[in-house]
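K.L.:
Now for the letters of each chain:
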Amino acid sequence: MKSIPETNLTAPHIHDWHTTSKAAWICSATLMPVVMASVLLYGMPAVSVWIASLIGAILAETLVAVALKKLSLSDGSSVLTSLLVACAIPPGAPFYIPVSASLFAILGIKTVFGGLGSNWMNPALGGIAFAYANWPNAMRRFMLPSGMVNIDGLSASTPLDVARNFNGTEASRVMDAFRTVGYPLSDIDITVTGFLNDSLFSHLGARLPEGYVDLIIGLKPGTLGESTLLAVLAGSIVLLAFNLIKLEIPLGMIVAFSILSRIFGTGLPGEELFGGDILFALSSGGFMLATFYMATDPVTSPVDHRLAGLYGLGIGALAFIFRRWGAHAEGIVYAILVMNILVPTVERKLMPGLKASERATVL
Amino acid sequence: MTNVRGFKRGGVSTVSRIHYHSEPIENAFLPMNALLLLRENQFSVEAKPVVSEGQEVKEGQLVARGYGKNSSHVHSPIPGIVRRIGKTVTPDGYETTSIVISLEGSFSVLGKRPERYLWRSLNKTDISHIIQDKGLMRVSTGEPLHQIISDCSKRDGIIIAVNALEMDQYRRVEEEIMLRRINDVVDACAIAARMVKPDRIVFMIDTDFPKAQIPVIMLAAAQTELEISVERFQRRFPQDLPRQIAIALGLKDDSSLCILEPSTLVVLHDAIVSNKPHIEQYVYIGGGAMKAPVILKARIGTTIGDLIEECGGFSGQPDRICINDPYRGLAAADLDVPLTRSTRAVLALTKHETKPASERPCNRCGNCLRACPEGLHPYLLNKLLLADKIEEAFAAGLGRCTFCGACAYTCWSRIPLVERFKSVCLKDKSR
Numbered sequence: 000m001k002s003i004p005e006t007n008l009t010a011p012h013i014h015d016w017h018t019t020s021k022a023a024w025i026c027s028a029t030l031m032p033v034v035m036a037s038v039l040l041y042g043m044p045a046v047s048v049w050i051a052s053l054i055g056a057i058l059a060e061t062l063v064a065v066a067l068k069k070l071s072l073s074d075g076s077s078v079l080t081s082l083l084v085a086c087a088i089p090p091g092a093p094f095y096i097p098v099s100a101s102l103f104a105i106l107g108i109k110t111v112f113g114g115l116g117s118n119w120m121n122p123a124l125g126g127i128a129f130a131y132a133n134w135p136n137a138m139r140r141f142m143l144p145s146g147m148v149n150i151d152g153l154s155a156s157t158p159l160d161v162a163r164n165f166n167g168t169e170a171s172r173v174m175d176a177f178r179t180v181g182y183p184l185s186d187i188d189i190t191v192t193g194f195l196n197d198s199l200f201s202h203l204g205a206r207l208p209e210g211y212v213d214l215i216i217g218l219k220p221g222t223l224g225e226s227t228l229l230a231v232l233a234g235s236i237v238l239l240a241f242n243l244i245k246l247e248i249p250l251g252m253i254v255a256f257s258i259l260s261r262i263f264g265t266g267l268p269g270e271e272l273f274g275g276d277i278l279f280a281l282s283s284g285g286f287m288l289a290t291f292y293m294a295t296d297p298v299t300s301p302v303d304h305r306l307a308g309l310y311g312l313g314i315g316a317l318a319f320i321f322r323r324w325g326a327h328a329e330g331i332v333y334a335i336l337v338m339n340i341l342v343p344t345v346e347r348k349l350m351p352g353l354k355a356s357e358r359a360t361v362l
Numbered sequence: 000m001t002n003v004r005g006f007k008r009g010g011v012s013t014v015s016r017i018h019y020h021s022e023p024i025e026n027a028f029l030p031m032n033a034l035l036l037l038r039e040n041q042f043s044v045e046a047k048p049v050v051s052e053g054q055e056v057k058e059g060q061l062v063a064r065g066y067g068k069n070s071s072h073v074h075s076p077i078p079g080i081v082r083r084i085g086k087t088v089t090p091d092g093y094e095t096t097s098i099v100i101s102l103e104g105s106f107s108v109l110g111k112r113p114e115r116y117l118w119r120s121l122n123k124t125d126i127s128h129i130i131q132d133k134g135l136m137r138v139s140t141g142e143p144l145h146q147i148i149s150d151c152s153k154r155d156g157i158i159i160a161v162n163a164l165e166m167d168q169y170r171r172v173e174e175e176i177m178l179r180r181i182n183d184v185v186d187a188c189a190i191a192a193r194m195v196k197p198d199r200i201v202f203m204i205d206t207d208f209p210k211a212q213i214p215v216i217m218l219a220a221a222q223t224e225l226e227i228s229v230e231r232f233q234r235r236f237p238q239d240l241p242r243q244i245a246i247a248l249g250l251k252d253d254s255s256l257c258i259l260e261p262s263t264l265v266v267l268h269d270a271i272v273s274n275k276p277h278i279e280q281y282v283y284i285g286g287g288a289m290k291a292p293v294i295l296k297a298r299i300g301t302t303i304g305d306l307i308e309e310c311g312g313f314s315g316q317p318d319r320i321c322i323n324d325p326y327r328g329l330a331a332a333d334l335d336v337p338l339t340r341s342t343r344a345v346l347a348l349t350k351h352e353t354k355p356a357s358e359r360p361c362n363r364c365g366n367c368l369r370a371c372p373e374g375l376h377p378y379l380l381n382k383l384l385l386a387d388k389i390e391e392a393f394a395a396g397l398g399r400c401t402f403c404g405a406c407a408y409t410c411w412s413r414i415p416l417v418e419r420f421k422s423v424c425l426k427d428k429s430r
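As given, the protein sequences belong to chains A and B, one line each in that order.
The opening residue of the first sequence carries number 0 in numbering that gives the first Met the number 0; numbering runs sequentially from there.
The opening residue of the second sequence carries number 0 in numbering that gives the first Met the number 0; numbering runs sequentially from there.
Next comes chain A alone, as it looks inside the complex (with noise of 0.2 Å):
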């Protein structure tokens, strides 16, 4: 007969498969189709900085290992974090901005306040700010991926800048403004567009205009993370399946950012009021990749499902605010970090299950 072995024989004896490490890893592995999508479409320029950031990552962890003598590598979170910083990351910037970024994430944001569950930011939104002040021109400097026809100096920007200093005549279309500046399309987006109006649309006595496609497939310039929308929507099913995210943290700022876009639209000269274009705000810029992958991290975000709701609802309205009214193109990295700031104070609040007096005391 076999021997027992001495564990710590504390009950519960039986567990649910997820760990904390585990539920890093997978969401490393669900940022593969990203990771795989930007190399496709930028090809080496992309490769260095995933390369790059995870360097920083294992610098950053060497670092703690020598100062604290305990190796905190095999967690995961270092390597997630690497990965989403370099997904804010436009592709062949220097080696050094995303090696000082994941750095400054690991070393700065997350070690020096005590490690994996004890930082007050998201390391990774945290590295993200810490190079957008560093290397604001770096930061917004973009390539073309292979495959997009270049148009003189206009097609290096992003669909956000070009939306954001269109300064023509009348449009009161996103993508009817993008025709007019003549922003390129490729072959892929007017065939995938016609079938989809031939087989579908037309039958609804609807027409979606040419562009989205670019958009959603990556054939446009962005960050690494931003650029291929399809690969964002793969892994964070994935996500959701393996239950690692709170839905209403997405659900809640998709709503927000949807009904401030559709009021408010993006700014274009001849805009109406509830005239915005939704599909345009969701599939251009890093909105979806930040609200999958950024604003869920469960240390910076309320513990209570009711309070995630809300938590999203704001990152929601406040991304809005900033990529409408602010000085970025992008403000969602922004929007995240205050609402990082703000969660101990709405538990404090707000907690339910706890009475008023009790909360005052005891949060």
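I should point out that these hints are in silico values taken from the structure, not numbers from a laboratory.
Everything numeric in this text was worked out from a predicted model, so none of it was measured.
Cβ coordinates follow ideal geometry from the N, Cα and C atoms, glycine included.
Incorrect hints may appear among the rest.
Claimed, not checked - Listed below are the simulated DSSO-like cross-link pairs for lysine-lysine, each with C-alpha atoms no more than 27 Å apart in a straight line:
1. B:K296 - B:K275
2. A:K354 - B:K382
3. B:K388 - A:K348
4. A:K68 - B:K382
5. A:K21 - B:K350
6. A:K354 - B:K428
7. B:K251 - A:K354
What the hints assert, rightly or not - Output of the computed footprint for chain B on chain A, the stretches with three or more beta carbons under 8 Å from beta carbons of chain B:
8. 9–19
9. 110–116
10. 302–311
11. 348–357
Given the structure of chain A, go ahead and fit chain B onto it with the hints provided.
P.N.:
Below, chain B alone, put in the same frame as chain A:
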């Protein structure tokens, strides 16, 4: 009867179930040495031995007498000679007096046809005395049964809830008893009803319980003059907390509930009708490290090692052996732990089932909030306890924790939440 009731808050749903091939329940071999613990759990009071070393005892003879509250008589499960009266540590870590009896001599219960007394001629006092004399225990909690019944008989409007719910993916004892000995269970309900005078009796069965059996229950119930109803419940863990059962049955609080399990009821039936003391117990022996799960009727005092051996030994390397509940139960430190009157299952769990991982800091995933059946905030309590803020933790509801283990089951970071809460609560009680 067709609609399914459910518990509103928290819990872990245990949808998948280990396959169990239903076979007639066999008697386990008699142990060569029976180890009797005179104290059931941390709350009970030790019984005093009334035999001395070297004395010959018969099967079912009183060997230790219980005195006072939470104490019950202990009988010899086998005929033999008292070898040793000494000290042993119970699985939950409390020292207790124990009696070792070696098998010898002739049998008085085994192999004979069970006696059948006509219990209907007995009055309330007689039944109450028999329950106390035979050392009956509520199998789920290890409380003396006479205490529970006399408590309930003092109150009006009692509802007897027969809890046949199997909460986890392994155990089947209650369900098998309901399938095989339903008449005895209903008879025992009638006996209990004579004592308690309940308003009604509710059989709680879960959604996996064969539907075809419900008419059989109703048929058995029709032969008594009791008002018996059957309620179906969604499978989930935990389902045996009195307060939750009361809420699920639409009652205000649990003061009018008398919860008994089928396994307790058959023991009650055997004691009253067949004059048998509580020396036998239905045990489920299973888990991933066993070839196939088996239910045995085993004598108290048999070591779990003997039971596992009888079922064919381990087929895989067990990571830990747990007694009763995989969520709350105790871990057996070795295979010499004896079967007690509150043991319903022995589970040999492999690494594949225990899924051990190193403890990491809380990353606020929020699963414990959803799992807690009491609506507590386990992550917060843990945080407060780590910061040594015990008063604040009690203000946040630590006192309401039932140590069910649902939060620790779902915890991503494998934080031993229940263990931490339990140690603080026990310390607080002793303070």
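K.L.:
What hint numbers does the structure not satisfy?
P.N.:
Result: no hint breaks.
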